[in-house]
Amino acid sequence: MLKLENLTKTYPTGDQALRNVNLEVPAGQVLALIGPSGAGKSTLIRCINRLVEPTAGKVWLGDVELTSLGSGALRRERRRMGMIFQEYALVERLTVMENVLSGRLGYVGFWRSFLRRFPQEDIDEAFRLLDRVGLLDMADKRADELSGGQRQRVGICRALIQDPALLLVDEPTASLDPKTSRQIMRLICELCAERGLAAIINIHDVALAQMFVQRVIGLRFGVIEFDGAPEQLTPDVLTAIYGEEDWEQTIREVDDDDAQDTETGGAAQ
Amino acid sequence: MMAAGGDLDLLIGTRWKKPPFIRRAWLRWLLILGTGAYLVAAVASVEVNWARVYEGLERGAAFVAAFGDPDFTSRWQDIRDGMLESVIMTIASTVAGILISIPIGLGAARNIAPLPVYLVCRGIIAISRALQEIIVAILLVAIFGFGPLAGFLTLSFATIGFLSKLLAEDIESMDRVQAEAIRATGASWLQWVNYGVQPQVMPRLVGLSMYRLDINFRESAILGLVGAGGIGATLNTAFDRYEFDTAAAILILIIGTVMALEYISGIIRAKVQ
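Chains as they are written, first to last, in our numbering: chain A, 1 to 269; chain B, 1 to 273.
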């Protein structure tokens with residue numbers, strides 16, 4: 001579904017953020033991208049939807065090659081790639097509803113969006129999504145009135161209303177407390193399963209990643225060092241990705257406080 | 001920086017000072033001493049004739065005393081027409097100026113406009129700012145004749161330089177991530193500006209527009225002196241006829257209007273925050 005071929009990014013400063021990255025993601029697969037800060041995780045994600053222009057290599061989304069697209073075609077393809085950001089990146093002075101509906105900008109014309117006259121099915125879908133993440137009564141609040149976890153849920157709605165085939169998720173839990181982090185990760189993974197979406201999730205928290213994803217990619221200095229199932233992450237592998245440390249404490253079997261979490265996840269709002 | 005790790009032992013115990021803003025010592029001292037010398041010379045060159053000042057104080061007092069009782073009534077017709085003309089000129093030129101400033105401001109923000117557009121828009125701003133209102137007004141009065149049209153055009157032109165520049169600077173300092181998130185949705189450029197940029201700069205744009213309205217009103221009083229219509233023309237006539245009481249009435253009206261505008265702008269800016 002998504003295929004990266006020899007993807008390379010060299011910044012004007014000479015820093016090589018990505019070196020010949022090859023990666024294939026089948027439809028519906030949720031994978032975590034781990035690695036130390038500066039390993040190129042953010043760059044990798046942004047090279048896919050070309051918020052950062054790759055220096056060389058190809059990116060295939062289905063049978064469309066993205067790196068050679070002109071701006072109009074790129075915008076059409078961006079609709080198929082929802083993005084979720086680290087610090088939520090909501091437009092703070094817009095309402096929750098406007099933020100969610102902004103995910104439809106690629107589909108509606110300028111005047112419709114300017115006058116906020118979105119098609120009724122978009123508005124219905126926005127309400128359905130807000131309800132799904134438990135924020136229905138926040139629709140007319142301004143985004144800056146929300147808590148961190150709530151903001152990230154709005155960010156998720158904004159990405160999903162694009163009706164994407166792929167989610168690009170950049171450190172979704174970096175600014176959240178541990179419990180909210182789990183809820184957000186669970187929400188993302190559940191929604192991916194419900195809609196059959198593939199997702200690439202940049203994440204620092206290895207244990208959290210192990211809990212939720214089907215596949216883990218380890219990136220170091222712009223090179224893929226590890227590609228496997230979450231259970232295969234051993235201390236040796238983590239040393240290869242991050243460098244020498246005592247990793248025993250980090251790797252935990254998925255513990256079974258899941259039952260309790262599901263309950264709070266449902267009630268959370 | 002990189003080498004410092006290896007030479008840590010050498011660095012321990014050495015003194016540290018913040019590197020000076022200007023690295024080259026000779027240049028730094030040249031600028032410091034040069035600035036000092038210039039200031040001393042500048043202050044020394046201002047001549048004050050204290051005897052003349054003493055005489056002048058009396059004249060000043062006579063002038064102020066003439067404003068002691070403002071006369072609103074005997075020239076009320078002229079004052080009213082002048083005020084009305086000024087208000088119309090101010091509002092029309094501010095609205096026209098804002099409408100033109102927005103696209104130019106967008107073009108003059110380096111983070112959203114391509115280089116050629118940026119250079120053209122910055123050029124327009126530079127020209128508008130370089131030409132002082134009075135000079136523009138004299139030119140436009142020469143072209144369009146006496147009256148408020150010249151004033152309207154002058155103030156619109158001045159508004160463009162002011163508003164575009166400050167708007168562009170606000171856009172340049174906006175939060176990049178919010179705008180990036182909108183770009184990632186596949187939004188077109190206009191949609192991106194409308195959703196990602198505009199909400200961020202709106203409070204500033206409204207505040208600046210209100211401020212410019214205020215400036216344009218005050219300027220309209222000055223522009224009358226060179227024949228560009230408005231309350232300034234009435235004021236000028238009053239001075240020419242030595243009708244200081246009427247002039248006083250006009251000045252009071254101008255001050256009152258400016259204060260009212262300031263008050264209203266405060267309310268509006270609090271609302272849009």
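Please note: incorrect hints may appear among the correct ones.
[To be verified] Part of the chain B face toward chain A, derived, beta carbon under 8 Å:
id : residue
1  : Pro70
2  : Gln191
3  : Tyr195
4  : Met202
[Stated by the list, open to error] List time: in silico EDC-like cross-link candidates among lysine to aspartate or glutamate, alpha-carbon distance up to 20 Å:
id : chain 1 : residue 1 : chain 2 : residue 2
5  : B       : Lys271    : A       : Asp144
6  : A       : Lys141    : A       : Asp124
7  : B       : Lys271    : A       : Glu92
8  : B       : Lys271    : A       : Glu53
9  : A       : Lys3      : A       : Asp140
10 : A       : Lys179    : A       : Glu87
11 : A       : Lys3      : A       : Glu53
12 : B       : Lys271    : A       : Asp140
13 : A       : Lys179    : A       : Asp140
14 : A       : Lys3      : A       : Asp63
15 : A       : Lys141    : A       : Asp131
16 : A       : Lys3      : A       : Glu190
Since the hints were derived computationally from the structure, they do not count as laboratory data.
Ideal Cβ placement from N, Cα and C applies to all residues, glycine included.
Okay, the hints, checked on the actual structure:
1. Contact between Pro70 (chain B) and chain A, as hinted, is not supported at the beta carbon level, the nearest pair being about 46 Å apart and thus beyond 8 Å.
2. The closest approach between the C-beta of Gln191 (chain B) and any C-beta of chain A is roughly 5 Å, which is under the 8 Å cut-off, so the hint is satisfied.
3. The closest approach between the C-beta of Tyr195 (chain B) and any C-beta of chain A is roughly 5 Å, which is under the 8 Å cut-off, so the hint is satisfied.
4. Interface restraint check for Met202 (chain B): the shortest CB-CB distance to chain A comes to about 7 Å, inside 8 Å, so the restraint holds.
5. Using a Cα cut-off of 20 Å, the hinted pair Lys271 (chain B) and Asp144 (chain A) holds, with the two alpha carbons roughly 16 Å apart.
6. Under the criterion of a C-alpha separation no larger than 20 Å, the hint pairing Lys141 (chain A) with Asp124 (chain A) is consistent with the structure, at around 18 Å.
7. In summary, the hint linking Lys271 (chain B) to Glu92 (chain A) is supported, as the alpha carbons are separated by about 16 Å, within the 20 Å threshold.
8. A distance of roughly 40 Å separates the Cα atoms of Lys271 (chain B) and Glu53 (chain A); the hinted pair therefore is violated under the 20 Å criterion.
9. Proposed proximity of Lys3 (chain A) and Asp140 (chain A) is contradicted: the alpha carbons are some 39 Å apart, above 20 Å.
10. As the CA atoms of Lys179 (chain A) and Glu87 (chain A) are separated by approximately 17 Å, the hinted pair is consistent with the 20 Å bound.
11. Under the criterion of a C-alpha separation no larger than 20 Å, the hint pairing Lys3 (chain A) with Glu53 (chain A) is consistent with the structure, at around 16 Å.
12. Simply put, Lys271 (chain B) and Asp140 (chain A) have alpha-carbon atoms about 17 Å apart, close enough for the 20 Å limit, and the pair holds.
13. Taken as a hint, the Lys179 (chain A) and Asp140 (chain A) pair is broken in the structure, with Cα atoms around 26 Å apart against an allowance of 20 Å.
14. Under the criterion of a C-alpha separation no larger than 20 Å, the hint pairing Lys3 (chain A) with Asp63 (chain A) is consistent with the structure, at around 9 Å.
15. A C-alpha spacing of about 15 Å is found between Lys141 (chain A) and Asp131 (chain A), which places the hinted pair at or below 20 Å, so the restraint holds.
16. A distance of roughly 23 Å separates the Cα atoms of Lys3 (chain A) and Glu190 (chain A); the hinted pair therefore is violated under the 20 Å criterion.
The structure fails to meet hints 1, 8, 9, 13, 16 from the earlier list, while all remaining hints are met.
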